[in-house]
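2 protein chains.
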Amino acid sequence: MEISRDHPRYRSLVVRERMSELVRQGVVAPTGLIAHGRGEAFDYMLGERTTGTAANAEKTAAAWLLEARRPVITVNGNAAGLCADGLLSLARAVPARVEVNLFHRSPERVEKVVSYLESRGGKDVLGRVQSSRLEGIASDRAMCCTEGIYEADVVLIPLEDGDRAGALVKAGKTVLAIDLNPLSRTSLESHVTVVDELTRAVPSIERTVLELKDDAEERKRLIAEFDNAENLRLSREAMCLRLKVQGSGF
Amino acid sequence: MEISRDHPRYRSLVVRERMSELVRQGVVAPTGLIAHGRGEAFDYMLGERTTGTAANAEKTAAAWLLEARRPVITVNGNAAGLCADGLLSLARAVPARVEVNLFHRSPERVEKVVSYLESRGGKDVLGRVQSSRLEGIASDRAMCCTEGIYEADVVLIPLEDGDRAGALVKAGKTVLAIDLNPLSRTSLESHVTVVDELTRAVPSIERTVLELKDDAEERKRLIAEFDNAENLRLSREAMCLRLKVQGSGF
Chain A
1 MEISRDHPRY RSLVVRERMS ELVRQGVVAP TGLIAHGRGE AFDYMLGERT TGTAANAEKT
61 AAAWLLEARR PVITVNGNAA GLCADGLLSL ARAVPARVEV NLFHRSPERV EKVVSYLESR
121 GGKDVLGRVQ SSRLEGIASD RAMCCTEGIY EADVVLIPLE DGDRAGALVK AGKTVLAIDL
181 NPLSRTSLES HVTVVDELTR AVPSIERTVL ELKDDAEERK RLIAEFDNAE NLRLSREAMC
241 LRLKVQGSGF
Chain B
251 MEISRDHPRY RSLVVRERMS ELVRQGVVAP TGLIAHGRGE AFDYMLGERT TGTAANAEKT
311 AAAWLLEARR PVITVNGNAA GLCADGLLSL ARAVPARVEV NLFHRSPERV EKVVSYLESR
371 GGKDVLGRVQ SSRLEGIASD RAMCCTEGIY EADVVLIPLE DGDRAGALVK AGKTVLAIDL
431 NPLSRTSLES HVTVVDELTR AVPSIERTVL ELKDDAEERK RLIAEFDNAE NLRLSREAMC
491 LRLKVQGSGF
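As they're listed, the protein sequences go chains A and B. Letter 45 of the first sequence, counting from 1, is numbered 45 in our numbering, and no numbers are missing. Letter 61 of the second sequence, counting from 1, is numbered 311 in our numbering, and no numbers are missing.
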């Protein structure tokens, strides 16, 4: 479908069409489109920008990734569809392992997403073989890679389901989420929640990773001073502000 | 995919899977799933209930449909997927013509949606033949049925795009929208905006249609006293309230 560059929502429409195309290719699940829509709504209420509190959360997430001994970035269909290049670049910068982990898991879909990441330059992408099992979650959603999520101490989970976020926290890992919904279970349960749009958040985290590589003191300060409850409260407040101002149309 | 009845979001998940299935059947467009997700987010912030102001808007929409000489209800893929039976029942109650009108129009998709409505008992459903053109909108989105939208004086437009809502208003019609986003162009441009979830709104409008059939005085009162700007403001306020109260997770 041809989208007029004049359309006031041109960029959103282009992303939507691309996500639809990735559904046809089997990378994004159909219900992933629904999740994408939810994110669009929350992002609109954020004002489609990185808030001050999200910027701070991004720096803190970067600090955690650098402090980690075994950092892992999980990637599902939506994250791959929206931000494959950015996530792979961030993984190389830390460095961190990348593991493909899907809500609607099937060998075919895992293969599609892993291959897609490899086609974007991903090396040693985990996901095809998942031999370990997380506790406290339905078995079809519990499988993960031994040398990935299972052995990780810090996990970055973009666009993840609440059940899995909770299971990772219970398993004793430090959980860094990227989630536009400040009310979601994922947001509430994670240790650091970046309430920002994925393609804004990921490059921002990478920039700080590069800045803080040799600054252990600043990393520790960021981690010590971070308060996720306050971060979520400020994110919700930012959305409220937007609701009070009459929009020009979405 | 089997969804556990224990999952805290069981009902939402069932609807999402059904919408995904209707995409596979060609009734719902893939980008329609994204729109559905946006609605989910806004509905969550409404508290997934009919607010007082939405209830009043529903009554006012019913009054307008009864006052109309040529009322028409437009149906797109999402509206059909979510609420075909309810919309057909409302149309019979008024009575109003039903016209299928799609954002992603193709003869195949129009046929799918019209056939779907017919399979749910729809009679004289318009949409296969669109000979008239609305002004002020890109030509592929301007086509409509002569004896439907084109000649209508009052149009109920569930889940409609802002461009088309605006074109209908410019064409001099009274536009009644059902839209969960109180900031959208559709919401701002329509004369009556029902900020409520479709499957709650439609039966509510039908109930009032049956109640007000013989009460011209009450219909006129509702119409005279309705203030859409105030209605939208109260809807935004309801969402703000929800953001301020920490959710148990979405």
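Just so you know, the hints here were simulated from the structure itself, not pulled from any lab data. Mixed in with the good hints there might be a few duds.
Stated by the list, open to error - Straight-line distance between alpha carbons at most 30 Å, and here's what the computed DSBU-like set of lysine-lysine pairs gives: (1) A:Lys244 x B:Lys494; (2) A:Lys170 x B:Lys362; (3) A:Lys213 x A:Lys170; (4) B:Lys373 x B:Lys463; (5) B:Lys373 x B:Lys362; (6) A:Lys244 x B:Lys420.
Status of the hints after comparison with the structure:
no., hint, verdict
1, A:Lys244 x B:Lys494, "13 Å, holds"
2, A:Lys170 x B:Lys362, "47 Å, violated"
3, A:Lys213 x A:Lys170, "29 Å, holds"
4, B:Lys373 x B:Lys463, "22 Å, holds"
5, B:Lys373 x B:Lys362, "15 Å, holds"
6, A:Lys244 x B:Lys420, "27 Å, holds"
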